[in-house]
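All residue numbers for the sequence shown refer to numbering that gives the first Met the number 0, where the first residue is 0 and numbers rise by one.
No lab work stands behind these hints: they were computed from the structure. Among the clues, some could well be false.
Derived DSS-like pairs (lysine-lysine); straight-line CA-CA distance at most 30 Å [unchecked claim]: (1) LYS320 to LYS347; (2) LYS230 to LYS320; (3) LYS347 to LYS188; (4) LYS320 to LYS348; (5) LYS188 to LYS290; (6) LYS290 to LYS230; (7) LYS320 to LYS216; (8) LYS216 to LYS188; (9) LYS216 to LYS230; (10) LYS347 to LYS290; (11) LYS75 to LYS348; (12) LYS230 to LYS75; (13) LYS75 to LYS347.
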Amino acid sequence: MLISTETLQLIRQTVNRDRLLATARRLIDIPSPTCEAGAVADALAALLVEEGFQVERPQAAWPTSPAVVVRWDTGKPGRTLQFNGHLDTVHLPFAASAVEGDRLTGSGASDMKAGVAAMVEALRVVRDAAVLGGGGILLTAHDLHEAPWGDCRQLNQLIDDGYVGDGVLIPEYTHDVLPVIGRGNAHLKITISRPGQPVHEVFRPREEPNVLEVGAKLAQRLLDWNVELEKNNHPMAGCESAFVGMLNCGEMYNQYPQTCELQGTLRWLPGHAWEEVRRDYRALVADVAAKSGAEIDAEFLLIRDAFELDEHSDLAATFQKVYANVTGKQLPIGAKPFVDDGSCFWQKKGIAAITHGPEAGGAHTTSEWVNIDDLVRVAVVYAATAVGFCE
C-alpha cells in the first residue's frame with residue numbers, strides 16, 4: 000500500500016523528539032549486561048504501562064529477565080508488523096547517558112537501547128495518530144542477545160511460543176544499506192591439555208604431548224581449512240572463513256605448559272547448514288587429538304545462523320518505498336556485516352526481517368553514540384512502514 004503525503008506528514012508531526020530522547024535515556028541509564036537485563040526490562044514494561052499499553056512478561060526460558068511484549072491491534076483485518084529489539088549490553092564499564100550536540104551517548108546507545116526507544120515511539124505514533132487502517136503491531140524486547148554471554152535462547156523461545164509477526168523490523172545500527180544476506184557466525188574455544196603437573200622445561204616429561212606444539216598444529220589446520228572455505232564466496236556477503244584470533248599458552252617462558260587455548264570464529268553463507276559446519280570443525284579437532292595424543296576440548300558456540308531476505312518481499316518493497324518517501328533517497332541493497340536477531344526469525348519461521356536503525360557508532364566499546372535526528376527518522380520510517388505493510 001502506498002503511503003499518502005498526508006499520512007506521512009501526520010506521522011512526522013506525531014513523533015515527539017523530546018519524548019523519544021527521554022525514553023532512550025531512561026533505558027540507557029539502567030545498567031543491563033547480558034544475562035542481567037531484568038531491571039531495564041522492568042523499566043520498559045513500566046513505561047509502556049504508563050503509556051496505556053497492555054504488557055505481557057513471558058519468561059521465555061530466562062526468568063531472571065522476563066521479556067517485554069506488547070500487542071496493539073486495530074481490530075480490523077490485516078497483517079502484524081513486529082518491532083524487535085534487545086535490552087542487554089556487552090560487559091564493559093557502564094557509562095550513563097549524555098547529550099553531546101546532536102548525539103546521545105552512553106552504554107547501549109547504539110547497541111541498541113536508542114533503537115528500542117525508536118520502536119516504542121513508532122508504536123505510540125501508530126496508536127495516537129490512528130494511521131493504521133488494519134492489522135497491528137507486536138513489540139518484543141529481550142535479554143541474552145550479546146555473545147559470548149548470551150545464547151539467544153530467550154528470543155528463540157519467544158519465537159517458538161508464537162510471539163512473531165508477519166514481518167519484523169530490528170533497529171540495530173545498520174542504516175546505509177538494506178541488508179539482504181549475511182553470514183552465520185560461531186565462536187570457537189579450544190582447550191588443549193596434558194595430564195602432568197607444572198614443571199621447569201628442562202624436566203619436561205617426554206612421553207606427554209607438548210600442548211603448545213599441538214596448539215600450533217591445530218591453528219595451522221584451521222588456517223588451511225580457511226583457504227578452502229574462502230572458495231565459497233558471495234559478491235555482497237563475502238566468503239566463508241575459519242579465523243584464529245587468540246592463542247594463549249604457558250605461565251612463564253621456561254615452564255612446560257599444561258594447557259593451550261585457541262579462540263576464533265567460523266562464518267558461513269546461507270545454504271551451508273550450521274550443523275554441517277560444526278560437524279566438520281569437530282572432525283578436524285578430533286583428527287588432531289588422535290594424532291597428537293593430547294586431550295582437546297572443543298567448544299562451538301552458535302551465535303546466529305546465516306541470513307537471507309527476499310528484496311522483493313512485501314515487507315522489503317514497502318520499506319524501500321517508505322524510506323524513499325521519508326529521505327528522498329533510495330536505500331542500496333547490501334550485506335549484513337554482523338549477525339543479529341533477523342537470522343532467528345528467518346531460520347526458525349521463514350519470516351522476513353529487516354535490520355535498520357539510526358546512524359550510530361562505538362558499538363561494543365565504552366564510547367557508544369547515536370545521532371538523535373536520525374533516531375527520529377527511524378521512528379517515522381517504522382510507523383510509516385507499519386501503515387504500508389499491515390493493511
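Each hint, compared with the structure:
no., hint, in the structure
1, LYS320 to LYS347, "27 Å, holds"
2, LYS230 to LYS320, "36 Å, violated"
3, LYS347 to LYS188, "26 Å, holds"
4, LYS320 to LYS348, "25 Å, holds"
5, LYS188 to LYS290, "20 Å, holds"
6, LYS290 to LYS230, "27 Å, holds"
7, LYS320 to LYS216, "53 Å, violated"
8, LYS216 to LYS188, "15 Å, holds"
9, LYS216 to LYS230, "22 Å, holds"
10, LYS347 to LYS290, "39 Å, violated"
11, LYS75 to LYS348, "24 Å, holds"
12, LYS230 to LYS75, "51 Å, violated"
13, LYS75 to LYS347, "28 Å, holds"
Hints 2, 7, 10, 12, counting from the list given before, are not met by this structure.
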